[in-house]
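> Sequence:
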Amino acid sequence: MQKDTLFLLPPGFEDNNRREYCPECAEMWGVLSWFPAIRESLEIVYVPIEKPRAAMSAVLGDKNQNAPTLLLDADSPEFKDCGIMHYRGQRFINNARDIGKYYASRYGTAVPRGS
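Using our numbering, read the sequence shown as starting at 33 and increasing by one per residue.
The hints are simulated quantities; they were obtained by calculation from the structure and are not laboratory data.
Glycine included, every Cβ here is placed at the ideal spot set by N, Cα and C.
Zero decoy hints are in this set.
Each pair of labels, with its calculated beta carbon distance range: (1) Asp113 - Trp66: 20 to 26 Å; (2) Glu110 - Gly146: 19 to 25 Å; (3) Ile76 - Ala142: 16 to 22 Å; (4) Pro68 - Pro42: 15 to 21 Å; (5) Asn48 - Gly140: 38 to 44 Å; (6) Phe111 - Arg51: 32 to 38 Å; (7) Ala142 - Asp105: 20 to 26 Å.
Please construct the entire structure, taking both the sequences and the accompanying hints into account.
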């Protein structure tokens, strides 16, 4: 069984002449720490803050480089209302809240507030 791929910015990257972190990527790490079984089903790939992000653009094109992005494996189920997008046969979700909704549908975790 293949794994979904979660693209994240690394914690403490350098940008704007200081160390920063991505709030949405940190949200994903929080979800993964609360629900560790999800972590086991993922391949996590850190991408740089600078674009183009080669690992992402290779499969999702130059316009789909947001982090976090969850790239769904071909065998992964699809659920309505989870913000699943399509690009050249690939399915992906490009924001933390929709990824959280996908995890709730797939794994039965809590739903992000406001969803």
